[in-house]
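Join these two chains into a complex; the hints should help.
From first to last, the protein sequence lines stand for chains A and B. The opening position of the first sequence corresponds to residue 3 in my numbering, with each subsequent residue numbered one higher. The opening position of the second sequence corresponds to residue 10 in my numbering, with each subsequent residue numbered one higher.
Source of the hints: derived by calculation from the structure; they are not laboratory data. Please note that a few of the clues may not be correct.
Computed Cβ-Cβ distance ranges for the label pairs, DEER-style [to be verified]:
{"hint": "1", "chain 1": "A", "residue 1": "G200", "chain 2": "B", "residue 2": "D132", "range": "23 to 29 Å"}
{"hint": "2", "chain 1": "A", "residue 1": "L207", "chain 2": "B", "residue 2": "E248", "range": "49 to 55 Å"}
{"hint": "3", "chain 1": "A", "residue 1": "A130", "chain 2": "B", "residue 2": "K122", "range": "40 to 46 Å"}
{"hint": "4", "chain 1": "B", "residue 1": "D132", "chain 2": "A", "residue 2": "D79", "range": "43 to 49 Å"}
Reference listing, derived: stretches of chain B covered by chain A, where coverage requires no fewer than 3 residues with Cβ under 8 Å from a Cβ of chain A [stated by the list, open to error]:
{"hint": "5", "segment": "141-148"}
{"hint": "6", "segment": "167-174"}
Positions of the beta carbon are idealized from the N, C-alpha and C atoms, including for glycine.
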Amino acid sequence: MTGFRAILERDLRLALRQGMDSVMVVMFFVIAVVLFPLGVGPEPNTLARIAPGVLWVAALLSVLLSLERLFHNDFEDGSLELMALSPPSLEVVVLAKVLAHWLVTGLPLIIAAPVLAILMNMPADGFALLILALLLGTPALSLIGAVGAALVLGSRRGGVLLALLILPLFIPVLIFGVGAVEAAIGGFPARAPLLLLGAIFAATLALCPWGAAAGLRQALE
Amino acid sequence: MLNYFANPRRFMKLSGILTPWMAGATLILAGAGLYLGLFASPADYQQGETVRIMYVHVPAAWMALFCYTGLAISAAVGLIWKHPVADVAARASAPIGACFTFLALFTGALWGKPMWGTWWVWDARLTSMLVLFFLYLGYMALNSAFDDPQRGTKASAILAMVGFVNVPIIKFSVDWWNTLHQPASILRMDGPTIHPDMLWPLFLMIGAATTYYLWVLMLRMRRDLTEGRVRARRQIQAEEAGA
Chain A
3 MTGFRAILER
13 DLRLALRQGM
23 DSVMVVMFFV
33 IAVVLFPLGV
43 GPEPNTLARI
53 APGVLWVAAL
63 LSVLLSLERL
73 FHNDFEDGSL
83 ELMALSPPSL
93 EVVVLAKVLA
103 HWLVTGLPLI
113 IAAPVLAILM
123 NMPADGFALL
133 ILALLLGTPA
143 LSLIGAVGAA
153 LVLGSRRGGV
163 LLALLILPLF
173 IPVLIFGVGA
183 VEAAIGGFPA
193 RAPLLLLGAI
203 FAATLALCPW
213 GAAAGLRQAL
223 E
Chain B
10 MLNYFANPRR
20 FMKLSGILTP
30 WMAGATLILA
40 GAGLYLGLFA
50 SPADYQQGET
60 VRIMYVHVPA
70 AWMALFCYTG
80 LAISAAVGLI
90 WKHPVADVAA
100 RASAPIGACF
110 TFLALFTGAL
120 WGKPMWGTWW
130 VWDARLTSML
140 VLFFLYLGYM
150 ALNSAFDDPQ
160 RGTKASAILA
170 MVGFVNVPII
180 KFSVDWWNTL
190 HQPASILRMD
200 GPTIHPDMLW
210 PLFLMIGAAT
220 TYYLWVLMLR
230 MRRDLTEGRV
240 RARRQIQAEE
250 AGA
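For reference, chain B alone in the conformation it holds in the complex (with noise of 0.2 Å):
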């Protein structure tokens, strides 16, 4: 299986079918997501119309963990086999979990403001998302701060798995300590805890930053992949002009 993919060739060929799979399945869920969410379904007794903005929050937040598991993985099997598509799968999910990441706290704050009283709070949740997205930028700066970029792609995977314990901190955060940010409502040992009205579009959208982010994840490969093939190309041209 990770040898299959070792071939970038095969990954362009499997990627090309289904980049466009995956951008229609994301207009279609967030066009379902958005219609339910933002007309279809009710507002909180409690918070009133701001409850919508919860449809982007989470889903961002979520994708914020999500893409970071995978670029540690990527990062993980690029580092111990090699994997050169791995390594390319790593470096594209970097600016993809960053944008989530600011877009949950930003989308966090504009919801604290008329709920909490207040834009921002120290309280675990948030200060550990903020250092995830330090970590983000971490994570591409170093990336690119050698003159080979294969030393970058190496040193940037160490720290991709140095910063995955920040992970579970983020996840139970909202258990370990006494937070203002609410616990978890979805995942939970007895079941969700939120009305299925809410549920539905609340999952729509879900699944459409989940296919987005494929979706955007497979583009910036096959950028980086055609990318690599030109350089090479243009070496191969450049030492035979000169010899």
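Okay, chain A solo, but in the shape it has when bound (with noise of 0.2 Å):
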């Protein structure tokens, strides 16, 4: 546990004090987000119809773009080799990474999403659905993306690499957070997409850290 938390902090001091990151990828969602209304026409009603699947998406492609620096750094200045001989197993070391990556890039995604669900002229019926929703899959964004980070680790091309191998297994994670919104919105039970998207929390919660381990194993051999 102290292992766990000593991690966390380093990897929270480092974004905190060196860190443009969680800017870039609050600015990189708000300026994906802002090219759709450009782009299809401000008509009110159409932008509100996409609404929950743009934000979504770029919610998706953010944390996509973030994902690369999750283990690059560390693998490049050594200190992952460092890490993988300390006393906390490799998995737990992927878990404080990844809790890391994701109070510094999800959180601050989901605090701006109300803020460009209004601009996206989205009912308010959505907005604390949207919130419960990116609550529950960012966290299974990040997870998932973990595994595809620790894979590319050293290779050629590895960010467009990463985009290839990790955005079909988001793909569920995005349908049923969009699904949950428009529940919400046409006023029908949102129950069910919740727990799925919970269910898929949990699954990758118990199964993406080994993924990622195994990975970061045979980058570092």
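Structure representation (structure tokens):
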């Protein structure tokens, strides 16, 4: 547990001190969403119709953008090898790093999302569900992404490759995330998609640290 | 059993014997299946002649899942027991499976246009098959993304195992969701719901697709292993020339 806290605190401190990271991710999120009214046209009903999907896709891409750096810097300067040699198992290291990553990038996205929902003219019924769905969904995205980020360490053209590997696996989160928000807007019970999102989160929390740790082990060999 | 096949030379000998048999079986099964499917079987009372697309579509979709299962199992065996031939088998399965997946999607679109009135719908079965296609592409991209081929093999093996969650989702997508794609009609608890006149050519074509997969898989594996041996020998020659 002390190892978990040490890595978490280190990553958060690094992110805060050198960090434009969260600001950049939120900026990307905002700009990506703002492109849609300009591209599709500012007609309020159209925007309200596509708002949940656009917000989720933009959140997905923002998380993806930040994932490449999850292990990369530590891999380059060798601190990842020290972490692998340290007493806490590599799975715990992965969990700590993913939690730090989510606090730095996922949480700011969730805070920015309602503001963007207003810009997208989303009906007010969906706001609470949007936040709830993002709270369940974005940690799952970070966890799935950790597996991909570990696998592409040291490869040629890592960033594009990461997108190709991870985006197909993000699709279930996207489907049920948008499903929950649209159910709330349409006045239907959003229980089923929320439960499924929770199930995805629980499954990724249980399985992805193992996958990511296996990925890191073969990268460090 | 695992150890027995870990010797590439033994595999080369065995596959050398089996490959022509597989080729022959593929030709006979596909010939019989195509004849029965295209000429001897009746047209469907609702779908008319388009039902014959099924004789390609169903085997291709079946093999798309079969290849991925084989790929994931070989990848796991290669990763856990460091089994050299299993690694080669996993790498060789991927392009074949990707082609079958594409064929299933393509023939499905051809069938969907006259029957559903659209080339593509975003229902659960079609979407999960598309995801499977992306998983194959991702596997192949990751496999070849490293300067050290060993790393590519291991990284893509982990990816193949992670991506396996998609296979049961595809299989049961027609039961879990209300899809436009029809539910299973062969592997059912209460027996198949297809008339034998159509079931027979379908089974023959599935058999042909399976033997085709084994045939091409062994050809690709033999090529990979030979390539490895040529590279190793060149390296030895270069070292001798240098020394």
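### Task
Given the hint of 23 to 29 Å, check if G200 (chain A) and D132 (chain B) actually sit that far apart at their C-beta atoms.
Roughly 24 Å apart at Cβ, these two residues keep to the hinted range, so it holds.
### Message
Please verify the coverage claim for the segment 141-148 of chain B: does it have three or more residues whose C-beta sits within 8 Å of some C-beta in chain A?
### Response
holds (count 4)
### Task
Can you let me know if the beta-carbon spacing of D132 (chain B) and D79 (chain A) is within 43 to 49 Å?
Holds, at about 47 Å.
#### Entry: E248 (chain B) and L207 (chain A) - C-beta distance against the hinted 49 to 55 Å
holds, 50 Å
### Message
Can you tell me if the segment 167-174 of chain B counts as covered by chain A, using C-beta to C-beta distances under 8 Å and a minimum of three residues?
### Response
Result for this restraint: holds, n = 5.
### Message
Taking 40 to 46 Å as the stated bounds, is the beta-carbon spacing between A130 (chain A) and K122 (chain B) within them?
### Response
holds, 42 Å
Every hint from the earlier list agrees with this structure, and none is contradicted.
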